[in-house]
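Trainee: This is what each chain is made of:
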Amino acid sequence: MSIDIDTARRVAHLARIAVDEKDLPALAGELSNILDFMEQLNEVDVEGIEPMTSVTPMRLKRRADVVTDGGMQDKILSNAPDAREGFFAVPKVVE
Amino acid sequence: MLDLTYTAPAPKVIAGAKDDWELVIGMEIHAQVSSNAKLFSGASTTFGAEPNSNVAFVDAAMPGMLPVINEYCVEQAVRTGLGLKAEINLFSAFDRKNYFYPDLPQGYQISQLYHPIVGEGEVLVEMGPGVARLVRIERIHLEQDAGKSIHDMDPNMSFVDLNRTGVALMEIVSRPDIRGPEEAAAYVTKLRQILRYLGTCDGNMQNGNLRADVNVSVCRPGAYEKYQATQDFGHLGTRCEIKNMNSMRFIQQAIEYEARRQIAILEDGGSVVQETRLYDPDKGETRSMRSKEEAHDYRYFPCPDLLPLEIEQGWVDDIAASLPELPDEKKARFMGDFGLTDYDASVLTADTANAAYFEAVAEGRDGKLAANWVINELFGRLKKEDHDISESPVSPAQLGGIIDLITKGDISGKIAKDLFEIVYTEGGDPAQIVEARGMKQVTDTGAIEAAVDDIIAANPAQVEKAKANPKLAGWFVGQVMKATGGKANPKAVNDIVSAKLGL
Chain A
1050 MSIDIDTARR VAHLARIAVD EKDLPALAGE LSNILDFMEQ LNEVDVEGIE PMTSVTPMRL
1110 KRRADVVTDG GMQDKILSNA PDAREGFFAV PKVVE
Chain B
309 MLDLTYTAPA PKVIAGAKDD WELVIGMEIH AQVSSNAKLF SGASTTFGAE PNSNVAFVDA
369 AMPGMLPVIN EYCVEQAVRT GLGLKAEINL FSAFDRKNYF YPDLPQGYQI SQLYHPIVGE
429 GEVLVEMGPG VARLVRIERI HLEQDAGKSI HDMDPNMSFV DLNRTGVALM EIVSRPDIRG
489 PEEAAAYVTK LRQILRYLGT CDGNMQNGNL RADVNVSVCR PGAYEKYQAT QDFGHLGTRC
549 EIKNMNSMRF IQQAIEYEAR RQIAILEDGG SVVQETRLYD PDKGETRSMR SKEEAHDYRY
609 FPCPDLLPLE IEQGWVDDIA ASLPELPDEK KARFMGDFGL TDYDASVLTA DTANAAYFEA
669 VAEGRDGKLA ANWVINELFG RLKKEDHDIS ESPVSPAQLG GIIDLITKGD ISGKIAKDLF
729 EIVYTEGGDP AQIVEARGMK QVTDTGAIEA AVDDIIAANP AQVEKAKANP KLAGWFVGQV
789 MKATGGKANP KAVNDIVSAK LGL
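Protein chains in written order, with the numbering used here: chain A, 1050 to 1144; chain B, 309 to 811.
Hint data in this document are derived by calculation from the structure and do not stem from the laboratory.
No residue lacks a Cβ here, since even glycine has one placed at the ideal position from N, Cα and C.
Warning: the hint list may mix true and false statements.
[Claimed, not checked] With a straight-line cut-off of 30 Å between C-alpha atoms, the simulated DSSO-like cross-links for lysine-lysine are: (1) B/LYS326 x B/LYS748; (2) A/LYS1141 x B/LYS405; (3) B/LYS773 x B/LYS795; (4) A/LYS1141 x B/LYS808; (5) B/LYS799 x B/LYS676; (6) B/LYS638 x B/LYS551; (7) B/LYS790 x B/LYS779; (8) B/LYS790 x B/LYS773; (9) B/LYS676 x B/LYS773; (10) B/LYS456 x A/LYS1124; (11) A/LYS1110 x B/LYS591; (12) A/LYS1141 x B/LYS551; (13) B/LYS722 x B/LYS748; (14) B/LYS456 x A/LYS1110; (15) A/LYS1141 x B/LYS748; (16) B/LYS773 x B/LYS808; (17) A/LYS1124 x B/LYS326; (18) B/LYS795 x B/LYS748; (19) B/LYS551 x A/LYS1110.
[Unchecked claim] Partial list, computed: chain B residues near chain A (C-beta under 10 Å): (20) THR353; (21) GLU379; (22) ILE714.
[To be verified] So the derived list for chain B, only partly shown, Cβ under 10 Å to chain A, looks like this: (23) VAL382; (24) LEU432; (25) THR649.
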């Protein structure tokens, strides 16, 4: 499987990563190498083996339905480039 | 076990310029779990709070913060699945759905694409007595809600509130089994009713706690049957998805408009493009939401922050054992045990509060009489003042007391209505009111006979006329009722008048 320049450009756009046109061929090559390696891994016969989801035998940790957090509007907004009247203010987005 | 017999309704047919067309509709309902805290954080879910105050660092996607699942939300998804007679998956897992939008700080929504917690189930949607559509449920998965963007507070900026970000949603996905706008609305109504019975979602559509995405396609008559026989979507038309509707009326209008739009395209020799559309209620039309270049590619992958969700059968069994009686069963029981009509049973089981009220009134009394009084008198009176059952000034015991007085023959049906109005506006014990205000029906034949004799003696001319024309006996009955203040037992008066006039 190989990633061409158009696919690399598209993936970068979807991830909102700015990539210079001249860097695209190298990026496409790297992505292709990664996929090639995956394909190599796919050759291993794993029939009947349960996928491993964690390296430690742990159960998903659960929480009780209790409000323990929040009430810190100032902290939530403190990194925002622009905030007004308690809201994040962002360039207009309308669909 | 429940044995409901019904026939499927006919699909809606729309006549195009050239041909007849049928609709095929599938729905995705987003139901907010009624929980105190969010799906993966300890922030509150309260509606209408100060902007960005119900937000934990997890919800704001601050670096290094990790999600921890709210067990109650998992339980509610399982409960909902059981209520829809669905299979519960003891193994499920969370995936990331990646996209960028200002109200989604993580840059992805945590959802369950590959292994949803609930599998196939069904909902029976009644369209009238004995007519119902069985809609298959494909799956229910848990996912995070997004935040809210407000576009009208500033001309150049959008304002973002993350209070709703991360609130638990159940996405309930149906198969394309719905065949018309009315059925779509009835499906949402039924699902909402079940969710409210289960207590897993409050069903408040105005606040957006229940929202629908509707997939609409059109096909020629006969094509849908081929799909049902083979489950091959190739027999169906290309669908469009209308996003995010929270009104039954808009859902129906949007489907109607969208179907006609697609038919016009097809009859013009064009083809429908699969896309996401928005319904504009002001213009009454749907419009394309995302252009093709921007077509979403969500690049789902398993969420590395969360282990798979494994639950035990014993826990599921405990939840199953705690399920309330559901609408279909309750309705069947009301029809069977109380002899109610399909319509009355539907009205009384519309929500649990109505049903509980009725049952309290009907306990040990005639079910049909109780249903009449609850539906016609009480609901009618409450509706006049725009009150719901929880605001009723008349308790089930009071209404039951009125019915007892009717059954015992102490008051007539007409007096009972006056009594109801007194109890509704002034309160009090019906039996005491009847006693204190002398509203008791006179069944003492001696007293009635005396009243009849007086009237006959005072109106010899009328007596002659009545003897010639027995229909005029009604005039005497009226006079006697008047003389006794409406308290005389009408049947006894009738009998005595007829006897005295020799009719």
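Trainee: All hints, please: hold or fail.
Mentor: Okay, the hints, checked on the actual structure:
no.: 1; hint: B/LYS326 x B/LYS748; verdict: violated (70 Å)
no.: 2; hint: A/LYS1141 x B/LYS405; verdict: holds (23 Å)
no.: 3; hint: B/LYS773 x B/LYS795; verdict: holds (27 Å)
no.: 4; hint: A/LYS1141 x B/LYS808; verdict: violated (89 Å)
no.: 5; hint: B/LYS799 x B/LYS676; verdict: holds (22 Å)
no.: 6; hint: B/LYS638 x B/LYS551; verdict: violated (33 Å)
no.: 7; hint: B/LYS790 x B/LYS779; verdict: holds (19 Å)
no.: 8; hint: B/LYS790 x B/LYS773; verdict: holds (20 Å)
no.: 9; hint: B/LYS676 x B/LYS773; verdict: violated (41 Å)
no.: 10; hint: B/LYS456 x A/LYS1124; verdict: holds (19 Å)
no.: 11; hint: A/LYS1110 x B/LYS591; verdict: violated (48 Å)
no.: 12; hint: A/LYS1141 x B/LYS551; verdict: holds (21 Å)
no.: 13; hint: B/LYS722 x B/LYS748; verdict: holds (12 Å)
no.: 14; hint: B/LYS456 x A/LYS1110; verdict: holds (29 Å)
no.: 15; hint: A/LYS1141 x B/LYS748; verdict: violated (72 Å)
no.: 16; hint: B/LYS773 x B/LYS808; verdict: holds (14 Å)
no.: 17; hint: A/LYS1124 x B/LYS326; verdict: violated (62 Å)
no.: 18; hint: B/LYS795 x B/LYS748; verdict: holds (6 Å)
no.: 19; hint: B/LYS551 x A/LYS1110; verdict: violated (34 Å)
no.: 20; hint: THR353; verdict: holds (8 Å)
no.: 21; hint: GLU379; verdict: holds (4 Å)
no.: 22; hint: ILE714; verdict: violated (48 Å)
no.: 23; hint: VAL382; verdict: holds (7 Å)
no.: 24; hint: LEU432; verdict: violated (31 Å)
no.: 25; hint: THR649; verdict: violated (41 Å)
In summary, the numbered hints that this structure violates are 1, 4, 6, 9, 11, 15, 17, 19, 22, 24 and 25.
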